[in-house]
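Peer 1: Model the full structure from these sequences, guided by the hints.
Chain by chain, the residues run as shown.
Number of protein chains: 2
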Amino acid sequence: MADFAERFIRLAQVRSSLCLGLDPSADLMKLWGLDDDAEGLKRFCGTVLDAADGTVSVVKPQAGFFERFGPQGMAELGKAVDQIRAQGALSLIDGKRGDVPGTMAGYAEAMIGAGKGFGADAMTVAPYLGFDALRPALDRAVANGSAVFVVVRSSNPDGRSLQDARHPDGRTVAEALADEISAFNAACGPHTGAVGAVIGATIDEAGAKILARLPQSLVLAPGVGAQGASVADVEATFGPSLLRTLPSVSRAILREGPTVDGLRAAIDRYRDQVWRACERAALSPPSTI
Amino acid sequence: MADFAERFIRLAQVRSSLCLGLDPSADLMKLWGLDDDAEGLKRFCGTVLDAADGTVSVVKPQAGFFERFGPQGMAELGKAVDQIRAQGALSLIDGKRGDVPGTMAGYAEAMIGAGKGFGADAMTVAPYLGFDALRPALDRAVANGSAVFVVVRSSNPDGRSLQDARHPDGRTVAEALADEISAFNAACGPHTGAVGAVIGATIDEAGAKILARLPQSLVLAPGVGAQGASVADVEATFGPSLLRTLPSVSRAILREGPTVDGLRAAIDRYRDQVWRACERAALSPPSTI
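Protein chains in written order, with our numbering: chain C, 116 to 404; chain V, 116 to 404.
No lab work stands behind these hints: they were computed from the structure. Incorrect hints may appear among the rest.
It does not matter which identical chain is meant; a pair holds if it fits inside one copy or across any two.
Claimed, not checked - Below, a list of computed lysine to aspartate or glutamate pairs in the EDC-like style, where the Cα atoms sit at most 16 Å apart:
| no. | residue 1 | residue 2 |
| --- | --- | --- |
| 1 | K231 | D152 |
| 2 | K324 | E295 |
| 3 | K231 | E154 |
| 4 | K194 | E154 |
| 5 | K231 | D150 |
Peer 2: So, in structure tokens, the structure goes:
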């Protein structure tokens, strides 16, 4: 089976590289007039996935908004992943899991690849316990053709000071992580690696430097739309890296519900913008894909 | 209702401050001769909680080992939390959740306090996206008498380089987090705060300095037993802070299963060690509790 990067690039050619965040937050459910319970959650997800069917390459359920409803919410997360697969899209569970290696193996088994867990195509992980602690998840992604996206530089300003703290060798925390991701991917071969980076779409100059240290990795770029970065901003800051980037939009599309038509129109607007930005990127300087 | 710290301190007086990790890892389930499925998970948890009944103050389910079994595993996590409550102990879900503030609010709703989520007494969170991003969880803990433990310095060596990276003012990432926790707790009043720190029991001199910056916080100290720190080590490094510490043992007790008697004997051994260490700490220099 083709690995995550190949499947993504193939899908992006026909559907665009847009990643749709599936964020059943309390405020969006309220805005849609849904009850804040498991039944409301089920209706929210059903509507979003109907709207995304056949047009979106990657759907990214935000685990925290499912876990809000306890075990019932997690059951809905499982159903959402199944439906995303049935619709021929890729599922990326955004749970930012991170722990010591033994526990990390549990999270990897939970989130990606065949087995007893959710069986998504990709997951996000957070590196506070160190890059090496993440290895069980990275190895599992390589072994079963899925992907792991490591949070390197987040879209929220609160994260900057920690992510920009410096190691004794002068590199920032985020830069060192980017280097570790690149070294891991390079050791696996010359193709796009199984380990991607999460770099907020709202990046500044420091963020652009981090991106340059990731020549071979997929990049998940959350924060497009409501968090303040436009597709044009992403195009300007990501440059040719845009061709291996998943620009991720959540609220700016989801607030156009609760009708499937409203959501589809919003998805189409963002898809067109992403298409055009990628076309321009493909015609500009050579990229690594 | 008394807040988490009060309930913990009261329970610790009669049961000891020992925190028992509920870690249904693949290798422990195999060691116990259980099938690696939701039924095996249920039997594992039932046995551990039978053994802990009436003797353990805090039970800490490791979320990753439940999530391994997808939605069914998370349903068992919910049942485990309910049983811990029914047994009069405190539940601390160790999930190390962490995200931007909006999503963090979802995780907080999921894990602690009454509502539609798991309803545990405490949760662990990871700060890679910044201390300020955690505030929705900290505020919820204050509002409903639960607790949040922020991972500051983990028990695994992989985490050291990131946690010891330095801010421009010279403080390490872990030191700055300890200061933010202390400032948050101090702003809430002179009593033990709702925000605790996770500091691995395997700490070195740098870890001891971090502990000194947390005069008013509960401390969760995982890594006692199988990860290399003995209760005597914790006593030596934590000093009087031991009286507001939850020394957490998982594997070193759990590997004594699958019989309830075997587990009880191991729990008793660790309880006695923790009791005696706390007695000595109470008789030595003044502590902050």
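Peer 1: Within, between, both or neither: how does the pair K194, E154 come out at a Cα-Cα threshold of 16 Å?
Peer 2: For K194 and E154, only the intra-copy Cα distance (13 Å) is at most 16 Å; the inter-copy one is 21 Å.
Peer 1: What label fits K231 with D150 when the C-alpha limit is 16 Å: within, between, both, or neither?
Peer 2: Classified as between: cross-chain Cα gap 12 Å, same-chain 30 Å, threshold 16 Å.
Peer 1: Which holds for K231 with E154 at a C-alpha limit of 16 Å: within a copy, between copies, both or neither?
Peer 2: between (24 Å within a copy, 12 Å between copies)
Peer 1: Can you tell me if K324 and E295 fall within 16 Å by alpha carbon in one copy, between copies, both or neither?
Peer 2: This pair counts as within: shortest intra-copy Cα distance 15 Å, inter-copy 29 Å.
Peer 1: Are the CA atoms of K231 and D152 at most 16 Å apart within a copy, between copies, both, or neither?
Peer 2: Only across copies: K231 and D152 sit 8 Å apart there, 26 Å inside one copy, limit 16 Å.
In summary, this structure violates none of the numbered hints.
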